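Just so you know, the sequences run in chain order Y and R. So in this note's numbering, spot 17 of the first sequence is number 17, and the numbers just go up one at a time. So in this note's numbering, spot 6 of the second sequence is number 6, and the numbers just go up one at a time.
Take these hints with a grain of salt, some might be off.
For lysine to aspartate or glutamate, the following DMTMM-like pairs were computed, each having C-alpha atoms within a straight-line distance of at most 20 Å [stated by the list, open to error]:
(1) Y:K3 to R:E53
(2) R:K71 to R:E1
(3) Y:K109 to Y:D11
(4) Y:K109 to R:E1
(5) Y:K101 to R:E1
Since the hints were derived computationally from the structure, they do not count as laboratory data. These figures come from a predicted structure and were not determined experimentally.
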Amino acid sequence: DAKTTQPTSMDCAEGRAANLPCNHSTISGNEYVYWYRQIHSQGPQYIIHGLKNNETNEMASLIITEDRKSSTLILPHATLRDTAVYYCIVSPRPNSGGYQKVTFGTGTKLQVIP
Amino acid sequence: EAQVTQNPRYLITVTGKKLTVTCSQNMNHEYMSWYRQDPGLGLRQIYYSMNVEVTDKGDVPEGYKVSRKEKRNFPLILESPSPNQTSLYFCASSSFVSSTDTQYFGPGTRLTVL
């Protein structure tokens with residue numbers, strides 16, 4: 001079973017911020033939150049990850065609640081090219097024990113509307 | 001260019017005819033994994049490998065075999081394909097020593113078993 005719960009789909013107006021929620025209430029202390037996206041049927045692409053602090057990179061921001069049971073991926077100015085399926089997964093870091101199995105759920109299909 | 005390659009990209013075959021899907025990465029990654037993707041089911045892990053000669057089952061290993069004789073290659077073998085193995089397959093790799101933490105995915109192999 002997936003360790004995360006995400007809405008099946010969301011719409012966002014072009015140019016507006018897209019806020020994608022993820023619930024991971026059973027997250028363990030050594031698990032990070034990772035976000036990937038998949039455009040059409042291409043291979044998934046890494047976006048961002050974090051442990052407990054908020055993170056930002058050139059693609060997105062990641063907000064993790066203080067209890068770490070949920071997080072939100074923020075695309076600050078969504079474009080049509082951001083239309084994709086977004087996956088939230090929890091996993092230990094690759095260089096730590098327990099990394100072996102990585103479970104993707106069904107993700108959130110984000111549709112950016114012109 | 002750092003990449004994961006898969007071959008073939010598209011394959012149509014018949015039930016029972018053995019086939020191999022190759023996966024190769026040029027990043028000297030220790031970890032490699034195979035996923036299948038079916039509509040409504042997200043990405044499901046088939047097998048993974050922590051290093052050369054070390055492989056283990058993921059969530060849906062039935063009907064598949066893998067081998068890891070070299071660090072760069074991780075072929076997926078279907079000894080007797082069946083129609084329920086019609087799917088989109090992705091290979092991925094990641095490093096245990098890099099700070100980037102991401103899994104790199106291949107472009108996918110679309111398999112149809114008649």
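*Hint check against the structure, violated hint numbers in rising order*: Of the numbered hints given earlier, those the structure breaks are 1, 4 and 5, listed in rising order.
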